[in-house]
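These protein sequence lines map, in sequence, to chains L and S.
Taking the numbering used here, the leading residue of the first sequence gets 6, the next gets one more, and so forth.
Taking the numbering used here, the leading residue of the second sequence gets 19, the next gets one more, and so forth.
By construction, these hints were calculated from the structure, which means they are not laboratory data.
We put the beta carbon where it would ideally sit given N, CA and C, even for glycine.
Warning: the hint list may mix true and false statements.
[To be verified] Simulated restraints, written as ranges between beta carbons of each label pair: (1) E56(S) with E33(L): 28 to 38 angstroms; (2) D51(L) with E101(S): 16 to 26 angstroms; (3) K93(S) with E42(L): 40 to 50 angstroms; (4) L128(S) with E85(L): 22 to 32 angstroms; (5) E47(L) with C28(S): 13 to 23 angstroms; (6) L128(S) with E93(L): 33 to 43 angstroms; (7) D58(L) with E56(S): 34 to 44 angstroms; (8) E101(S) with R57(L): 21 to 31 angstroms; (9) E83(S) with K76(L): 45 to 55 angstroms.
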Amino acid sequence: MKNLIMFWARECPHCKHMMPLVDRLENEEGITFEKLEIWHNEENADLMRSYRDIIAPKCGGQLRTPTFLNKETKDALCGEVEYETLKEWASK
Amino acid sequence: MKKYWRCFVCNDIHYGVKPPEQCPTCMAMNAYVEISSEEAKKITNPTGIKFDREKFLSAIEEFVEKNEFQVNPDKERVKMLLEGLFNNEQNHGLKYCPCRLITKDFTEDLKLVCPCNFLIHETYQDKEDGECWCGLFVKRR
């Protein structure tokens, strides 16, 4: 079962920027993200909203994209970050 | 609580807690009377103005003119964001920020309508290269 989710949006430039870094992380480290688009898929949007209590405090009080969520540790990371930051966060 | 107000001289519509003392359109003084939202909608809709992406872009270009921020000079980024804004308006009712998600609390979600009040956001405040969360607006450089 995957524990890591990347909530992203089709027309979000931050998500476009982060997607190759996520792909690289998956290829190099074998870490897999469940990638869920949230503006064109209501089920994914509802899922993101259901994690609002975890996401919002880490994302300026809002539901922002991209958001990386670890379902197991209940930790979130959002926005554009460096590859190493994402790698360190995902490896926890 | 915000209400709708109509200028009895020129039918200018104001939405706010209080009416303006002077109508900004016809300059009449103490001219506003409270009206219902239904009446306001009938008076203002349809306006006959086609508000497409080009029109929206020219509206925000005009909006930034006298402000300390500008529309992002990165045209590809702007194009992508406008695509998202108009898709959101079509699919979800308003031009919600393409880089955030609505909560389904309408009042709360009004804070996500573009342009949002990004001046209070940590991505903009006290930053030389501050920008709104999605990057449509950036501090003038």
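Right, here's what the structure says about each hint:
no., hint, result
1, E56(S) with E33(L): 28 to 38 angstroms, "violated (59 angstroms)"
2, D51(L) with E101(S): 16 to 26 angstroms, "holds (23 angstroms)"
3, K93(S) with E42(L): 40 to 50 angstroms, "violated (24 angstroms)"
4, L128(S) with E85(L): 22 to 32 angstroms, "holds (26 angstroms)"
5, E47(L) with C28(S): 13 to 23 angstroms, "violated (43 angstroms)"
6, L128(S) with E93(L): 33 to 43 angstroms, "holds (37 angstroms)"
7, D58(L) with E56(S): 34 to 44 angstroms, "holds (38 angstroms)"
8, E101(S) with R57(L): 21 to 31 angstroms, "holds (26 angstroms)"
9, E83(S) with K76(L): 45 to 55 angstroms, "holds (46 angstroms)"
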